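In our numbering, the protein residues as written are 1 to 220.
Don't read these hints as lab results, they were simulated from the structure.
Each hint can be trusted.
25 Å max Cα-Cα, derived DMTMM-like pairs, lysine to aspartate or glutamate: (1) Lys137 <-> Glu151; (2) Lys195 <-> Glu24; (3) Lys134 <-> Glu151; (4) Lys193 <-> Glu24; (5) Lys72 <-> Glu24.
Quick caveat, the model's predicted, so the values are computed rather than measured.
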Amino acid sequence: MYIFLIVLGLVSIFHIIFIALKKEWLRRISKCFIVPLLLAAYIAGAEHPLFLIIAALSLGWIGDVLLINIRKQTFLMLGLTSFLLGHICYISAFIQRLGFFGYAGASGQINLPAIVIFTPPAIVLAMVVFRLIKPTKVLYLPVILYMAVLEALTLFGFQVFLFNQGVAGLLLLSGCICFMISDTILAYYTFRKLKISGSVLIMGYYILAQTEIIFGMLLL
Numbered sequence: 001m002y003i004f005l006i007v008l009g010l011v012s013i014f015h016i017i018f019i020a021l022k023k024e025w026l027r028r029i030s031k032c033f034i035v036p037l038l039l040a041a042y043i044a045g046a047e048h049p050l051f052l053i054i055a056a057l058s059l060g061w062i063g064d065v066l067l068i069n070i071r072k073q074t075f076l077m078l079g080l081t082s083f084l085l086g087h088i089c090y091i092s093a094f095i096q097r098l099g100f101f102g103y104a105g106a107s108g109q110i111n112l113p114a115i116v117i118f119t120p121p122a123i124v125l126a127m128v129v130f131r132l133i134k135p136t137k138v139l140y141l142p143v144i145l146y147m148a149v150l151e152a153l154t155l156f157g158f159q160v161f162l163f164n165q166g167v168a169g170l171l172l173l174s175g176c177i178c179f180m181i182s183d184t185i186l187a188y189y190t191f192r193k194l195k196i197s198g199s200v201l202i203m204g205y206y207i208l209a210q211t212e213i214i215f216g217m218l219l220l
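The whole structure should be built from the sequences, with the hints applied where relevant.
The following block contains the structure:
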């Protein structure tokens, strides 16, 4: 597992450097290796790799490849759909970890007060982000759906954290938050000219998100 993590770290660093230096073809190539290396590390490190996690990473990789051509609307929609399905796989894995679907040793509980407290600020945040993004009318519904799934991802990540308040739960929750930040910046620049700083932030938070969630799941 450790050799995959070392290579992953190196590839991620070089990828960010390639973005900053505008080395387009190197950026494209290095991007395609990030998630497969993380997937290899997960499979090597997990005693019983979960299909849902493998599916989430695989869909994330497909999304990465498709979004290389982000300026083409067909690739954009297919890429976002792939990420949406990947997020749903992560949510399902979190629900399983909470004790549903027969996951051994899990709590089997949902903290309802946390949901009640979490929901109002989540709705307000979603409204603020939606106004910030300013999507075209054609994309209103897809953007709202994607934001709802992102917030559900963070909500269930928070639920797992509440029942696993250690490094594992904290990593998993942090990964979900990083996903929200990365995808929000991506959505913002989807309707504007993408800057180098924006690309660096998108990929930096994205790599953190995937890595932290996977490490969190490995440590649970």
